[in-house]
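Those protein sequence lines, which keep their order, are chains E and C.
FYI, the numbering used here numbers position 121 of the first sequence as 121, with every residue one higher than the one before it.
FYI, the numbering used here numbers position 64 of the second sequence as 64, with every residue one higher than the one before it.
For the record, the hints were derived by calculation from the structure and aren't laboratory data.
Check each hint, because a few of them may be wrong.
Going by beta-carbon spacing under 7 Å, a handful of chain E positions derived as facing chain C [to be verified]:
#1 Ser61
#2 Ile83
#3 Ala88
#4 Cys175
Cβ-Cβ distance ranges computed for the label pairs, FRET-style [stated by the list, open to error]:
#5 E/Glu152 <-> C/Pro5: 50 to 60 Å
#6 E/Arg40 <-> C/Thr186: 47 to 57 Å
#7 C/Arg8 <-> E/Pro157: 25 to 35 Å
#8 C/Glu6 <-> E/Leu176: 39 to 49 Å
#9 C/Gln149 <-> E/Ala26: 34 to 44 Å
#10 E/Asp25 <-> C/Thr186: 36 to 46 Å
#11 E/Ala174 <-> C/Ala198: 42 to 52 Å
#12 E/Glu152 <-> C/Val127: 44 to 54 Å
#13 C/Gly188 <-> E/Pro130: 58 to 68 Å
The beta-carbon is built from N, C-alpha and C at its ideal position, and this holds for glycine as well.
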Amino acid sequence: MSNEINQLIARVALRDRAAFAALYDATSAKLYGVCLRILRDKADAEEALQEVYVRVWMNASRFVAAETSPLSWLAAIARNHAIDRIRARKPQSVDIDDAFDLADDAPGPEEAAINASEGGRIERCFDELPEDRAAAVRAAYVEGYSYHELAEQHAVPVNTMRTWLRRSLLKLRACLER
Amino acid sequence: MTDAPEHRDRDDALAAEYVLGVLPHAERVVFAMRLEHSEQLQARVAFWQAQLAPLTDEVAPVQPPARVKSGLEHRLFGEAPAKRGLWNAVGLWRGLGLVGVAASAALAVALVQMTRSPPPGPAPAYVAELTGESGQVRMLALFEPETGQLRLNRTSGTAEEARVFQLWVIADDNPPVSLGILPQDTSGSVTIPEDLGAALAGGVLAISDEPAGGSPTGQPTGEVLAVGQMAPL
Chain E
1 MSNEINQLIA
11 RVALRDRAAF
21 AALYDATSAK
31 LYGVCLRILR
41 DKADAEEALQ
51 EVYVRVWMNA
61 SRFVAAETSP
71 LSWLAAIARN
81 HAIDRIRARK
91 PQSVDIDDAF
101 DLADDAPGPE
111 EAAINASEGG
121 RIERCFDELP
131 EDRAAAVRAA
141 YVEGYSYHEL
151 AEQHAVPVNT
161 MRTWLRRSLL
171 KLRACLER
Chain C
1 MTDAPEHRDR
11 DDALAAEYVL
21 GVLPHAERVV
31 FAMRLEHSEQ
41 LQARVAFWQA
51 QLAPLTDEVA
61 PVQPPARVKS
71 GLEHRLFGEA
81 PAKRGLWNAV
91 GLWRGLGLVG
101 VAASAALAVA
111 LVQMTRSPPP
121 GPAPAYVAEL
131 TGESGQVRML
141 ALFEPETGQL
151 RLNRTSGTAE
161 EARVFQLWVI
171 ADDNPPVSLG
181 ILPQDTSGSV
191 TIPEDLGAAL
201 AGGVLAISDE
211 PAGGSPTGQP
221 TGEVLAVGQM
231 APL
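Looking at chain E on its own, in the form it has when it is part of the complex (with noise of 0.2 Å):
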């Protein structure tokens, strides 16, 4: 699946038509998905998917080469883009404290998960983070939450859920990078 997703983007960076169908055909439902479960607007995410595709037939040769899964990449760039748009949509008008404070309250579980969870790395790491946590920082990602929806999901200030989450963040690096 992969190698022919590559094969067909190669393709399209040499402006072969029935390649980008194909392309399109072997993953635009991925790609709907995830700018619908960002978006959530069936129009909005239509729109954005055709934007999408009009990236990809511009500038595929820029992104030929793909050690990892090319559906993932395909699959970020649609979600990048969904992302701008829902934020375009939705500005909001209070600015976040952007005070940066490292130092961490309470020491975050270090018991590393031996087993590598199915999801690889990423997963192995979440299972470093307190679990509200992790489950913050992957519903950010996934549905595309900002921080002020992450904020009111956990009941807690715009500024503490960013303070949470940069930590997370950094700690997720921290075991990401082991």
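Given the coordinates of chain E, assemble chain C onto it according to the supplied hints.
Same frame as chain E, but now just chain C:
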């Protein structure tokens, strides 16, 4: 910008926040602007993008309505029925595939570049790494517009008996233009005609397998062995 650990952590947290998409719109726009000018930030965004990408595995696919595809093709190719030029008709590219030419960071860099406008002014040089599915043919190409010299360094692959490697440049939607037959030597240079300079700077290079003497049609006829995008150095 300083290299103090706290600055690095702050930038790294920002890069992660940017990739996650949690930043408010205004901050997101500001960060995107900084990102354009900082390779360090681009590397950090690349890191986070590569690490977080598997999280979308859990998102269920949803079939988009058919109108999206037809609208897309209309938008890209206009109303005229797709013209099947020689490029497509020959089915040249069937079986073509590429292996990675860059490390895991490539995704995010691609993502970043997609939203970036080309750098102002002429870049001093352009490079491409040409690779192919089998990995048998690999070549580095360096183009200096000022001198018109395209320097080639083939790191692997030699043509079969009575066959040659032919080099092509593809710019935008145009059909491939031959840059000539690659010499037997693994390294050498080709002088690029001035009118092809612009095509080369932003174009795609490709190597095809052709009969001795080169393609008889003026277009690639044999298997495409390696492809690479020229990018500013």
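Here's how the hints hold up against the structure:
Taking 7 Å as the C-beta contact cut-off toward chain C, the hint placing serine 61 of chain E at the interface holds, the least distance being around 4 Å. Below 7 Å, beta-carbon pairs count as interface contacts, and isoleucine 83 of chain E has one with chain C at about 4 Å; its hint therefore holds. Checking alanine 88 of chain E against chain C by beta carbon gives a least distance of about 6 Å; that is within 7 Å, so the hint holds. At about 10 Å, the closest approach between the beta carbon of cysteine 175 of chain E and any beta carbon in chain C exceeds 7 Å, and the interface hint on this residue is violated.
Restraint check, glutamate 152 of chain E to proline 5 of chain C: a C-beta distance of roughly 33 Å breaks the suggested window 50 to 60 Å. A hinted range of 47 to 57 Å for the beta carbons of arginine 40 of chain E and threonine 186 of chain C is consistent with their spacing of about 55 Å. For arginine 8 of chain C and proline 157 of chain E, the hinted distance range of 25 to 35 Å is satisfied, since their beta carbons lie about 27 Å from each other. Against the hinted window of 39 to 49 Å, the Cβ-Cβ separation of glutamate 6 of chain C and leucine 176 of chain E comes to about 20 Å, which falls outside the hint.
Our hint of 34 to 44 Å for glutamine 149 of chain C and alanine 26 of chain E holds, since their Cβ atoms are close to 40 Å apart. As the Cβ distance of aspartate 25 of chain E to threonine 186 of chain C is approximately 40 Å, the hint placing it in 36 to 46 Å holds. Under the hint 42 to 52 Å, the C-beta atoms of alanine 174 of chain E and alanine 198 of chain C, about 47 Å apart, fit the expected range. The supplied range of 44 to 54 Å is met by glutamate 152 of chain E and valine 127 of chain C, whose beta-carbon atoms lie about 48 Å from each other.
The supplied range of 58 to 68 Å is met by glycine 188 of chain C and proline 130 of chain E, whose beta-carbon atoms lie about 60 Å from each other.
Hint check: violations occur at hints 4, 5 and 8; the rest are consistent with the structure.
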